[in-house]
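Trainee: Please put together the full structure from these sequences, using the hints given.
As a plain string of letters, each chain reads:
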Amino acid sequence: MKEVKPVEPEHGTPLAGNEPLIDVHAHFHSDLSGRADWGAYNASRLHAGERIGVIAHVASILGSWGHTSPTYFSSPADLTHANDWMRAFAERDRLAMGIAQPRLFSYVAINPNYADHALHEITRGVAAGAVGVKIAASRKADDALLDDIARLAAEHQLPILHHVWQDRRREWPGQDASDGVELVRLAQRHPDTRFLLAHIGGGGDYAHTLHAARDAQNVFVDLSGSGIDRGMMDATIEAFGAERVCWAADLTLCTGLTKAWALDAIGLTDAQLTDIRWRNGVRLFPRARFTVGDRVLSA
Amino acid sequence: MTHKAQWFADVDVSAWIGPYPFRDVPHPDPEVLVRVLERERIQRAWVGWLPGVWHRDPSAGNERLRRALAPFAGQLLAAPAVRPDWPGWQRVLSRELEMGVGCIRAYPAQWGYAPGDESLTRLARGCSEAGVPLHLTVRFEDVRQRHRLDSAGDLMAASVRAVARAGTRCTLVISGAGREFIEEVWWGLTPEEQQYLRFDFGWVWGPPDDHFAHLARTVEPSAWVLGSQWPLRLVQQSRALYELLPALLRQSLSFTGRRRDP
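In the order they appear, the protein sequences are chains A and B.
For the first sequence, the working numbering assigns the number -19 to the initial residue and increments by one for each residue that follows.
For the second sequence, the working numbering assigns the number 151 to the initial residue and increments by one for each residue that follows.
Just so you know, the hints here were simulated from the structure itself, not pulled from any lab data.
Among the chain B residues that face chain A by a calculated CB cut under 7 angstroms, a handful are:
1. 295
2. 358
3. 384
4. 394
The calculated label-pair distances, taken between Cβ atoms and stated as ranges, are:
5. 308/B with 275/A: 54 to 62 angstroms
6. 177/B with 17/A: 38 to 46 angstroms
7. 125/A with 216/B: 58 to 66 angstroms
8. 169/B with 150/A: 25 to 33 angstroms
9. 315/B with 93/A: 49 to 57 angstroms
10. 303/B with 93/A: 30 to 38 angstroms
If you want the ones that stay clear, here's a sample from chain B, every Cβ over 12 angstroms from chain A, calculated:
11. 206
12. 216
13. 223
14. 259
15. 262
16. 278
17. 341
Where a beta carbon is used, it is the ideal one built from N, C-alpha and C, also for glycine.
Mentor: Pasting the structure below:
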């Protein structure tokens, strides 16, 4: 199996409208992901992104997605391969598209249990153009093992996208998930680091997260996840303010499109919509250069 | 005709009104639903009484549903719940049918029916004789976020297979199923049995895993109906799933112009 050539784009207005969309929580698969259709998966994500109007995917690969080590407890070797592969994939895509600036941007995915490896991966990633750090669920967010990682991320102006189980009331198999309370403890220890609390629609009770993280000014939240509860986005924006909320899709671009449409229907101002669709992404990722054609997006 | 002017669907088969017991849901009111349907270019909806799902006796909820929908007759069609393990259910069913329904709803998981429960088959037979569909809901919320008191669990695919195999010729509308559930039911039935199945696809995932595209290729186009689960979920999801299908698959699916509702 190899990479699949992107489907020819369908012409016309993007489904989510003409204003740019930055997906701050995207994932791809590598050749070691253990699923035969990894190339089709990646091509589908890119094609759907074009249809929707996503101008940039800020993405990671979670090791081997369970093939040679668990998705949420990825081995150092799998993470090194995934990070290298993600950056190379972004460059191959840029060349294939014939564009000067990339539309794929890379997180450095790490496992905090391997602290030296994590720090090394971040340093290596920064040198190769990574724009953020992705932490999944290998260690609780408030564990001291994350402190050096958070400090290094701040030093390089890298936001940390942290997987969160909204209101984790017990342990779940397959991951050492954190919730908003635990992420906020880390954020309070590192006020100069910016954190992106992952997928408010990604499982658990989002209402708990709104209470847990609303006052932590260095914590942003992304709207991704399969959950499309009516009232969820309104409550999130009310709690965090539009300037700390980012549109994103994670594993389901269909719910991402639904939320982009719903943003138009819940009475936001144009400035709020712009913040959520792309401007907060520009603010969060100072190392990224997001472009629409020749236009460089600035906050 | 422009894209915007067209109706997207004749009917949303899976809507409710009324408050949800486990969290606040904004404005679960019929006048709001009517506005949402117009915005989303859906002509009408089959509407159930949401809190009644967790009542032992759905009768009072059905009456409140009728009163709430009365000003919107023609656009919002009642989907009352009939509990076929209770005495006199045939009388309840007849009365509801006389007043007019979009479909009849049943909640086997909340009522404690095991797969193969005979009462559900009897209800399906009654619906079939009246020519109205029987509507079953797989889930209301993602399992990861449910209230600890919401312990009924999901409807089992085995329950759907059992009633579909009973030979009642009742149209079964299944709401809230994902790919695995749909495939487990679809490929677990004979072609004759399959023709009475309808699935709303609001819980099926689109790209990049493309479950809906896969199902649209493998399951009969006539099996697909639009259902939103409003007011719990955003109505836009079905249109998003449809629009993200490959163009050829979009052409094979239509939710308007059917000779009759599912």
